[in-house]
Amino acid sequence: MDGFIHQIISGIASGGIYASVALALVMIYQATHHVNFAQGEMAMFSTYIALTLIQAGLPYWAAFCITVPVSFVIGALIQRVVMEPLSKAPVLASVGVFIGLLLTFNSVAGWIFTYTLKPFPTPFGEGKPLFGGFVSRHELGSTAITLVVLLSIWAFFRFTKLGLAMRAAAFNPVSSRLVGVPVARMLALGWGLAAGIGAIAGMMVAPVIFLDPNMMAGVLLYAFAGALLGGITNPLGAVIGGFIVGIIENLGGAYVVGTELKLTTALFIIVVVLTVKPAGLFGKTLVSRV
Amino acid sequence: MQFFTSRAFPWLFLAAAVVLPLLFASDYRLFQLTMVVVYSIAVLGLNLLTGYNGQVSLGNGAFYAIGAYTTAILMDKLGLPYWATLPFSAVICAGVGFLIGLPALRLGGMYLALTTFALAVATPQLLKYKAFENYTGGVQGVVLDKPDAPFGLPLSQDQWLYLFCLAVGALLFALAMNLVRGRIGRAMRAIRDQPLAAEAMGIDIAMFKTRTFALSAMFTGVAGSLGAITIQFVAPDAFGVPLSLTFFVGMVVGGGASIGGAVMGALFIQFIPNIADEISKAAPGAVYGLLLIAFMFLLPGGLASLIRILSGKKRTA
Numbered sequence: 001m002d003g004f005i006h007q008i009i010s011g012i013a014s015g016g017i018y019a020s021v022a023l024a025l026v027m028i029y030q031a032t033h034h035v036n037f038a039q040g041e042m043a044m045f046s047t048y049i050a051l052t053l054i055q056a057g058l059p060y061w062a063a064f065c066i067t068v069p070v071s072f073v074i075g076a077l078i079q080r081v082v083m084e085p086l087s088k089a090p091v092l093a094s095v096g097v098f099i100g101l102l103l104t105f106n107s108v109a110g111w112i113f114t115y116t117l118k119p120f121p122t123p124f125g126e127g128k129p130l131f132g133g134f135v136s137r138h139e140l141g142s143t144a145i146t147l148v149v150l151l152s153i154w155a156f157f158r159f160t161k162l163g164l165a166m167r168a169a170a171f172n173p174v175s176s177r178l179v180g181v182p183v184a185r186m187l188a189l190g191w192g193l194a195a196g197i198g199a200i201a202g203m204m205v206a207p208v209i210f211l212d213p214n215m216m217a218g219v220l221l222y223a224f225a226g227a228l229l230g231g232i233t234n235p236l237g238a239v240i241g242g243f244i245v246g247i248i249e250n251l252g253g254a255y256v257v258g259t260e261l262k263l264t265t266a267l268f269i270i271v272v273v274l275t276v277k278p279a280g281l282f283g284k285t286l287v288s289r290v
Numbered sequence: 291m292q293f294f295t296s297r298a299f300p301w302l303f304l305a306a307a308v309v310l311p312l313l314f315a316s317d318y319r320l321f322q323l324t325m326v327v328v329y330s331i332a333v334l335g336l337n338l339l340t341g342y343n344g345q346v347s348l349g350n351g352a353f354y355a356i357g358a359y360t361t362a363i364l365m366d367k368l369g370l371p372y373w374a375t376l377p378f379s380a381v382i383c384a385g386v387g388f389l390i391g392l393p394a395l396r397l398g399g400m401y402l403a404l405t406t407f408a409l410a411v412a413t414p415q416l417l418k419y420k421a422f423e424n425y426t427g428g429v430q431g432v433v434l435d436k437p438d439a440p441f442g443l444p445l446s447q448d449q450w451l452y453l454f455c456l457a458v459g460a461l462l463f464a465l466a467m468n469l470v471r472g473r474i475g476r477a478m479r480a481i482r483d484q485p486l487a488a489e490a491m492g493i494d495i496a497m498f499k500t501r502t503f504a505l506s507a508m509f510t511g512v513a514g515s516l517g518a519i520t521i522q523f524v525a526p527d528a529f530g531v532p533l534s535l536t537f538f539v540g541m542v543v544g545g546g547a548s549i550g551g552a553v554m555g556a557l558f559i560q561f562i563p564n565i566a567d568e569i570s571k572a573a574p575g576a577v578y579g580l581l582l583i584a585f586m587f588l589l590p591g592g593l594a595s596l597i598r599i600l601s602g603k604k605r606t607a
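The listed protein sequences correspond, in order, to chains U and A.
Sequential numbering of the first sequence, starting at 1, is according to the numbering used here.
Sequential numbering of the second sequence, starting at 291, is according to the numbering used here.
These aren't lab readings, by the way, just hints derived from the structure by calculation.
Every residue, glycine too, gets a C-beta built ideally from N, C-alpha and C.
Be careful, since some hints might not be right.
To be verified - Derived, one-sided and incomplete: chain A residues facing chain U with beta-carbon distance under 10 Å: (1) Gly-341; (2) Leu-392; (3) Met-400; (4) Ala-408; (5) Pro-414; (6) Gln-449; (7) Leu-535; (8) Ala-572; (9) Ala-573; (10) Ala-576; (11) Leu-582.
Unchecked claim - So the derived label-pair ranges between C-beta atoms look like this: (12) A:Tyr-425 - U:Val-272: 23 to 31 Å; (13) A:Pro-300 - U:Pro-90: 24 to 32 Å; (14) A:Ala-457 - U:Ile-209: 43 to 51 Å; (15) U:Ala-89 - A:Arg-396: 21 to 29 Å; (16) A:Leu-465 - U:Pro-90: 34 to 42 Å; (17) U:Gly-180 - A:Glu-568: 53 to 61 Å; (18) A:Phe-388 - U:Pro-85: 34 to 42 Å; (19) A:Ala-490 - U:Gly-180: 55 to 63 Å; (20) A:Pro-300 - U:Leu-117: 44 to 52 Å; (21) U:Tyr-255 - A:Ala-490: 47 to 55 Å; (22) A:Phe-388 - U:Val-81: 37 to 45 Å.
Model the full structure from these sequences, guided by the hints.
This is the structure:
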């Protein structure tokens, strides 16, 4: 029983990270109907930036506070320079560019920072596990950070004028432009936010799985699964989906399929959701006008 | 430039491909050229699916793996000769492709790319899975023997293998060429460009899409079989995301909706990484990544469209 509770709790901890990346994916999907295959690699790259800053002698939180805005700028730049000109191009072109970005980030990271596994510090201390040994300090801390991020993103979209403008630009670009919302800038902002969220997720997951250029491949896959499970049209759904996938992954890995088939679990979830209920648990069914 | 688009060109190219390497190439070069043939079949499979039919697949490496393992298991466990494993691998891969094509029908564009990407990520894990270890050899994989030239032909093993792969490749290329030039090819392109209009004209979209998937899987699977025989070794980690993305890069660089583009794409993915590798271990990935982006912006039809533009021929595919 103890083991079971422990699996659920670490499932929630990793689920929080999947939820963040899933949220980043959904933000870009909502605005452009693109699934950003490079999201994971962008997060990995941001994590390397953080590690470089920490190794240069900065305290953890200072590095954290620099990395997030830097990632934001990188994300917004990519949108402006690479994605914007292709916004009307066919699916193959955007998939090609995303895969191109994925490969570029991956190999540039390998080039600059080498392919060896690197430990990444946790800001929450090593110390003894809390609450009767069920939760490690890092799990508790990273889940808290994730929840803070998710809540502030929600509040941003719900209560600020800028958030409203971003939602409008994603929902109906043409009408938004007519009422004076700078749609292109909103898209860049969305990409920047997604990159920032990804950076935080990367820094939270790196102490657990170690940092290397291929670190995020699995995380990205789980985030896909989470976003689809919750409904890729619904940010809250994607977050819930991310948590569910984290729990399924841990329980499945511990009791059903073993750790060797963990990634296959994600594939299985993706295929089942897309064939049985393509809209996800909380998404709205898309109807295309003929 | 008109020469490249003339009807005689494929025959001359084939003749040159048969004769020149046998006369001039060293064993190692022959091995590389054999892999070019193998890759060109795999890229052709992806061209049919993505270039002609518009279904973006990032997971064709999985079919390549199934083909390779079918051949390896049949040769290693059942002692079949290498050539006899190809029909099995074609049938099995076509079947698997058809089955995967069924759920893929419900997935438009991006979702299909995403699902096949997940398939590519999961493939090595599935191949390593303990339940199949008796057949697949688990992490260690399977080692195969290199075939000798039959009937006492005065050819080295590498020369014979090259000719064998070339013959299979020529057959498959002829098949694909005839297919895309006829009614079926028109239907495939119509589904890619205007699905609604295609359906209104009586084209059974579901049937064409699933069968194109099966066809693509068959081509890629046969390529996998030939690849396994050529490399004489199969192991799970060779069939991960990088392999699938390599095919994707080959397709984009060569030109998706083009038969000859598959050969150019294969030459590219065989030789460019070797050259880039000398600069840095990370360089092939960077070259692939930057070129993908550059091609999408500057030459979305790949090298094949460049030749078409230079020879002043109107785009028909």
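Need the list of violated hint numbers for this structure, in ascending order.
Violated hints (numbers, rising): 6, 16 and 19; every other hint is consistent with the structure.
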